[in-house]
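Chain by chain, the residues:
Number of protein chains: 2
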Amino acid sequence: MTDAPKDIESLIEVMARLPGLGPRSARRAVLHLIKRRGQLMRPLAEAMTRVADTARECLNCGNIGTADLCPICSDDRRANGQICVVEDVADLWAMERGGAFQGRYHVLGGTLSALDDIGPDDLRIPKLIDRVRGEGATEVILALNATVDGQTTAHYIAGEIEGLGVSVTSLAQGVPIGGELDYLDDGTISAALKARKTL
Amino acid sequence: MTDAPKDIESLIEVMARLPGLGPRSARRAVLHLIKRRGQLMRPLAEAMTRVADTARECLNCGNIGTADLCPICSDDRRANGQICVVEDVADLWAMERGGAFQGRYHVLGGTLSALDDIGPDDLRIPKLIDRVRGEGATEVILALNATVDGQTTAHYIAGEIEGLGVSVTSLAQGVPIGGELDYLDDGTISAALKARKTL
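Protein sequences appear in the order of chains R and U.
Heads up: the first sequence begins at 1 in UniProt numbering, then just goes up one per residue.
Heads up: the second sequence begins at 1 in UniProt numbering, then just goes up one per residue.
Hints are not guaranteed to be accurate.
Repeated chains share a single entry, so a pair holds when one copy, or any two copies, can fit it.
What the hints assert, rightly or not - Here are the simulated lysine to any residue pairs, SDA-like style, with alpha carbons at most 20 Å apart:
#, residue 1, residue 2
1, 35, 88
2, 6, 159
3, 6, 148
4, 6, 56
5, 35, 56
Just so you know, these hints were derived from the structure itself, not from any lab.
Chain R with its partners taken away, still in its complex shape (with noise of 0.2 Å):
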């Protein structure tokens, strides 16, 4: 309830529901947007337009672009026999941030989750399997996040994968670049000593 005209009052709710935003804020991004209607509002819900008209999941490996496939599935130099599993299409875009890794994706959409109801059919594994046997890969990064569910689901796939004659791997887990050891919890500590490195 802000007492604005209804199709402010409308604007805000459909804001609101952004992830980041709450009534607060989408109220105050509103009257920011308002009072930039023509330099960001406009040009705004056009740029909306125009992706919501031609975004589309890759048929390949979930990720997002233009077309059935995605440029990096459509681009054979990165046929490298390599395939990363990762959660969601954010972490694609950050582990393509860091620019070390030349070979494919696989979005799987998700973890398994008991508590969520959501089974390896909700997500991309069954399609992950078919790749792995179609596109002759030799190696799986599990790059999955680094909480209960995500390990759960890499052990999952870990298994699924077994036997297809294909190692699989996860990201190191250590101490992050310009990390302080007072501020690592300790799990992140224990993890780093065990898998210490001879210099």
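Fit chain U to the given chain R structure using the hints.
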């Protein structure tokens, strides 16, 4: 940089310019929207276009509405001689949610600020003086934020209105409803003590 398609990239850039959203939360919001293209993204773009087409500032008070005069300025029942001066439309909405004020508003559009070089003519202060004279106001209630700039602006306006024969008041300062003394700053406690009331 997200390595997302160009349209999505530019949508993220525009989203990141909203208050309360940074590059990371803009990426999350855009992914959320893309996953809900039909139910959320298109309605949001349409609501935005509609508001961009219709919203405008009330010529009298600066409130946001869809006509030359906002619903409050065109409601004769609210012409009770009281004008409540607020910094921003968001403050007007907050007052209206309270539901206790039955008069009209005047939105300054900011506060005086030597630092940002904002003088009386950059705000709606001359228009306020005109209204006090023209509408036969009996009371001007200064509902400005309890910040240094807000209080400076309040004093300036009080000085300008002095001699026009209207009473100038400001919101009471004190302990918020439900507030715990232990969590209040010293200034608020001092103000509440000074303004103590006989029960």
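Would you pick out the hints that fail for this structure and give their numbers low to high?
2, 3
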